[in-house]
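Chain A is already provided as a structure; the job is to place chain B on it using the hints.
There are 2 protein chains.
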Amino acid sequence: MEGDPALQLRVFDLNCWAIRYLSKRRQERIRLIGDQLCREGFDLVLLQEIWSEQDYSDLKAKLGDCCPFSHYFRSGVIGSGLCVFSKFPILDTLLYQYSLNGYPYMLQHGDWFCGKSVGLVQGGSQPLCPPFFQLHAEYCREKDAYLPHRIVQAWELAQFIRHTAKAADVVLLGGDLNMHPEDVGIRLLRGWTGLQDTFTEAKRFEGCEDGCTLIPSNCFTFKSELQPFPLGIRIDYVLYKAVSSFTVECEELRTTTGTAPGTDIPYSDHEAVMATLHIQRKRQAASVTRGMAGPALAEVLSEALTEVHVGLLAARWQRYSSGRMAVLALLLLLLQAVAVLGMLAGLAAGQPFPKLSFSLLAFLAVAVLLLAAGLHLFHSIEVKMLQGTEEQMRMAMRVLQEHP
Amino acid sequence: MEGDPALQLRVFDLNCWAIRYLSKRRQERIRLIGDQLCREGFDLVLLQEIWSEQDYSDLKAKLGDCCPFSHYFRSGVIGSGLCVFSKFPILDTLLYQYSLNGYPYMLQHGDWFCGKSVGLVQGGSQPLCPPFFQLHAEYCREKDAYLPHRIVQAWELAQFIRHTAKAADVVLLGGDLNMHPEDVGIRLLRGWTGLQDTFTEAKRFEGCEDGCTLIPSNCFTFKSELQPFPLGIRIDYVLYKAVSSFTVECEELRTTTGTAPGTDIPYSDHEAVMATLHIQRKRQAASVTRGMAGPALAEVLSEALTEVHVGLLAARWQRYSSGRMAVLALLLLLLQAVAVLGMLAGLAAGQPFPKLSFSLLAFLAVAVLLLAAGLHLFHSIEVKMLQGTEEQMRMAMRVLQEHP
Numbered sequence: 001m002e003g004d005p006a007l008q009l010r011v012f013d014l015n016c017w018a019i020r021y022l023s024k025r026r027q028e029r030i031r032l033i034g035d036q037l038c039r040e041g042f043d044l045v046l047l048q049e050i051w052s053e054q055d056y057s058d059l060k061a062k063l064g065d066c067c068p069f070s071h072y073f074r075s076g077v078i079g080s081g082l083c084v085f086s087k088f089p090i091l092d093t094l095l096y097q098y099s100l101n102g103y104p105y106m107l108q109h110g111d112w113f114c115g116k117s118v119g120l121v122q123g124g125s126q127p128l129c130p131p132f133f134q135l136h137a138e139y140c141r142e143k144d145a146y147l148p149h150r151i152v153q154a155w156e157l158a159q160f161i162r163h164t165a166k167a168a169d170v171v172l173l174g175g176d177l178n179m180h181p182e183d184v185g186i187r188l189l190r191g192w193t194g195l196q197d198t199f200t201e202a203k204r205f206e207g208c209e210d211g212c213t214l215i216p217s218n219c220f221t222f223k224s225e226l227q228p229f230p231l232g233i234r235i236d237y238v239l240y241k242a243v244s245s246f247t248v249e250c251e252e253l254r255t256t257t258g259t260a261p262g263t264d265i266p267y268s269d270h271e272a273v274m275a276t277l278h279i280q281r282k283r284q285a286a287s288v289t290r291g292m293a294g295p296a297l298a299e300v301l302s303e304a305l306t307e308v309h310v311g312l313l314a315a316r317w318q319r320y321s322s323g324r325m326a327v328l329a330l331l332l333l334l335l336q337a338v339a340v341l342g343m344l345a346g347l348a349a350g351q352p353f354p355k356l357s358f359s360l361l362a363f364l365a366v367a368v369l370l371l372a373a374g375l376h377l378f379h380s381i382e383v384k385m386l387q388g389t390e391e392q393m394r395m396a397m398r399v400l401q402e403h404p
Numbered sequence: 001m002e003g004d005p006a007l008q009l010r011v012f013d014l015n016c017w018a019i020r021y022l023s024k025r026r027q028e029r030i031r032l033i034g035d036q037l038c039r040e041g042f043d044l045v046l047l048q049e050i051w052s053e054q055d056y057s058d059l060k061a062k063l064g065d066c067c068p069f070s071h072y073f074r075s076g077v078i079g080s081g082l083c084v085f086s087k088f089p090i091l092d093t094l095l096y097q098y099s100l101n102g103y104p105y106m107l108q109h110g111d112w113f114c115g116k117s118v119g120l121v122q123g124g125s126q127p128l129c130p131p132f133f134q135l136h137a138e139y140c141r142e143k144d145a146y147l148p149h150r151i152v153q154a155w156e157l158a159q160f161i162r163h164t165a166k167a168a169d170v171v172l173l174g175g176d177l178n179m180h181p182e183d184v185g186i187r188l189l190r191g192w193t194g195l196q197d198t199f200t201e202a203k204r205f206e207g208c209e210d211g212c213t214l215i216p217s218n219c220f221t222f223k224s225e226l227q228p229f230p231l232g233i234r235i236d237y238v239l240y241k242a243v244s245s246f247t248v249e250c251e252e253l254r255t256t257t258g259t260a261p262g263t264d265i266p267y268s269d270h271e272a273v274m275a276t277l278h279i280q281r282k283r284q285a286a287s288v289t290r291g292m293a294g295p296a297l298a299e300v301l302s303e304a305l306t307e308v309h310v311g312l313l314a315a316r317w318q319r320y321s322s323g324r325m326a327v328l329a330l331l332l333l334l335l336q337a338v339a340v341l342g343m344l345a346g347l348a349a350g351q352p353f354p355k356l357s358f359s360l361l362a363f364l365a366v367a368v369l370l371l372a373a374g375l376h377l378f379h380s381i382e383v384k385m386l387q388g389t390e391e392q393m394r395m396a397m398r399v400l401q402e403h404p
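Protein sequence lines, in the order shown, are assigned to chains A and B.
If you're matching positions, the first sequence starts at 1 in the UniProt record's numbering and goes up one per residue.
If you're matching positions, the second sequence starts at 1 in the UniProt record's numbering and goes up one per residue.
Just chain A, same shape as in the assembly (with noise of 0.2 Å):
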């Protein structure tokens, strides 16, 4: 790079869907990605939702000449699902699970079973440091249960990028944020990082209307979800930051607009986000990129405040109700034991329960104090977790006043 003035960076992200068993045709979709993306060669594809490590296997075979390193970041139970490919040396990753990650009890949603994370991937020879990585998914907008952990989050992500990336050259964040750009969580994470959207920021664009990657179109869509947005809504994101003396700008924005070339069907159910970046080194160093002005960046961070303190109220009150089903179950259990020991001594006269009935009620009982009382431990967590970011951001909020 000392030799040569510029590079330029081509980057392609997408949010696969490749959930084994459950995502439609599958296999023939992660086929039509790993084509396209030798076709195109791009230097660095960031994919999330690969659950699958002989999907990622598959990939990495296809695309050993173009993109000859790669990574694959494992967490939870089923993996983390993020995995990328570059054209320069990885010498480095670093995985971050998010503290709070929806609830267990929500099989339907999965994401506790995900471990949904942040993966850290250095790059070597070329001045780069791109982190990539997935924010929790959003499920319903009207009622939104997630929405103080997706603002813990966005917060932790926000607290990741600013502290790992102070010695970077140039910062690339790319990744399904499952938020839409005007939401609370995305201006924190920009303002607080001070990462540039390349939607905003492009010269030309080709796509999908206003940048979505969720689209009506996409035969893959939930078409009743996308109903209050006929023209779909933009939740993938490549973001990006020059930290000390380069200087980034998106050159070009691309989607992918519903079916791939020369198929019936799309890559994913997301559409794919494809950035050209223009990379140059300044002939002095200059001030560091700075994010929003601080009165701005107040006022988000006290809107963020306010989610996360109606969470923790909500967890407070989870975590007390679920303490008292169990101390209830419990008593259940003691007064069936001290039936039962009366009975032994002969106190009672004859057998007042019906045997059955009496050890359906304590299996009952014992089911209920389980799982009450992993309920509880759950939700101290949770409360512990909300407490300590809301913490954070009011430390934020206290040096953002001392030092505008």
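In short, the hints are calculated from the structure, not lab data.
Among the clues, some could well be false.
Any copy, or any two copies together, can satisfy a pair, since identical chains are not distinguished.
[To be verified] Distance condition first, Cα-Cα at most 27 Å in a straight line; then the derived DSSO-like pairs of lysine-lysine:
#	residue 1	residue 2
1	Lys166	Lys282
2	Lys60	Lys24
3	Lys87	Lys203
4	Lys60	Lys203
5	Lys203	Lys62
6	Lys87	Lys223
7	Lys166	Lys87
8	Lys62	Lys24
9	Lys87	Lys62
10	Lys166	Lys355
11	Lys203	Lys282
12	Lys87	Lys60
13	Lys282	Lys87
Note that this is a predicted model, so its numbers are computed, not measured.
Just chain B now, with coordinates in the frame of chain A:
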């Protein structure tokens, strides 16, 4: 600092062993620790195992004058137990929870519930970025089932420090690492980060022989555990590193030696470590402090890799055996269901099973099923995490060999 050429930084580090209802004479010891800190006026106080927020609040009230800035790190069910008090403003904090942290069913150890983690604290106007943390507790060196987990934690800690400390001027790491100086985890941590040990570098040392921090003469330590080590063991450390245009020297290191002055009890079952560091700005920015030489580091890495691999094999076996147990319990339940259905359909002549033992058996099968399924889930996560660490270490090894 620009006008002031040097800074003397006095650091206090102690594992306080302050577990509510369990630790002996806890409130008295917390009072003693607070008094001692007020008297001595340290610049930075790193405390571990402060499990009760009430103890933290008491210390905070007491230290308000000498260390006006403080932070308590929240995580896990009970908390992280980590807190920091500082003379300098704390501008930012970050908590990183280790991905592996003992086993939830080892209730007597309790590690899983604590959420062991590393807390990062970023100092403000002073050019200091001291992370501060505690590693997994060691219980029995003879048959150490936790060893792979502790190596994973040492590796994650080293990676966390490498990635977050790049832009820091000075890195300080204090805490109870629960590893002896010659253990592979410590060698890995020091080699991979370049951190230096205050005990070996100090110009003056005063305290327990060999710098031990868990000594037989402390009335709270378990004598039987220390039997193989007549002098005691050194498991609490203050490590440091100057990253950019600064030099750090350790002028003095002290440890407490059993009972606190003027009383008949020690501050804790651990001895406190007190370091005086001399931090100076260099005239010219020099090269970054290097860790171990390449070949020595590669040797440590390969030793750690072996241990992680052993842990991986054990975790895979446990995952398999808990899965098999869950399947067996499920089969038993199905068999019982078939028997009940058969009976209801009138296929069986009369009632062949005594009702009570039949329902007790069903109850047992459900309990075993739930337990085994939970264990299977847990060991699946363990396998993923050990695999991920193994891969990261192999990548580091490759990079070391290619760029020695």
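**OP:** Could you figure out if Lys166 and Lys282 sit no more than 27 Å apart (CA to CA) within one copy, between two copies, both or neither?
**Re:** both (18 Å within a copy, 21 Å between copies)
Original post:
Should Lys203 paired with Lys282 be assigned to within, between, both, or neither, using CA atoms and 27 Å as the limit?
Top reply: Cα proximity of Lys203 and Lys282: one copy only (20 Å, versus 44 Å across).
**OP:** At 27 Å max between alpha carbons, let me know whether Lys203 reaches Lys62 within a copy, between copies, both or neither.
**Re:** Result: close neither inside a copy nor across copies, 32 Å intra and 58 Å inter.
Original post:
At most 27 Å between C-alpha atoms: does Lys282 with Lys87 qualify within a copy, between copies, both, or neither?
Top reply: within (24 Å within a copy, 39 Å between copies)
Original post:
27 Å Cα cut-off: does Lys166 pair with Lys87 within a copy, between copies, both or neither?
Top reply: both (24 Å within a copy, 25 Å between copies)
Subject >> Copy assignment of Lys87 with Lys60, given that the CA separation must stay at most 27 Å >> reply: within (12 Å within a copy, 52 Å between copies)
**OP:** Go through the copies and call it for Lys60 and Lys24: within, between, both or neither, with a Cα cutoff of 27 Å.
**Re:** within (22 Å within a copy, 57 Å between copies)
**OP:** Could you place Lys60 and Lys203 in one of the four classes (within, between, both, neither) given a Cα distance threshold of 27 Å?
**Re:** neither (32 Å within a copy, 53 Å between copies)
Subject >> Lys87 and Lys203: within-copy, between-copy, both or neither at 27 Å Cα >> reply: The answer is within: 25 Å in one copy meets 27 Å, while 49 Å across copies does not.
Subject >> Alpha-carbon proximity context of Lys62 and Lys24, limit 27 Å >> reply: within (21 Å within a copy, 62 Å between copies)
Subject >> Alpha-carbon proximity context of Lys87 and Lys62, limit 27 Å >> reply: within (14 Å within a copy, 57 Å between copies)
Original post:
For Lys87 vs Lys223, is the C-alpha pair at or below 27 Å within one copy, between two copies, both, or neither?
Top reply: neither (37 Å within a copy, 57 Å between copies)
In summary, the numbered hints that this structure violates are 4, 5, 6 and 10.
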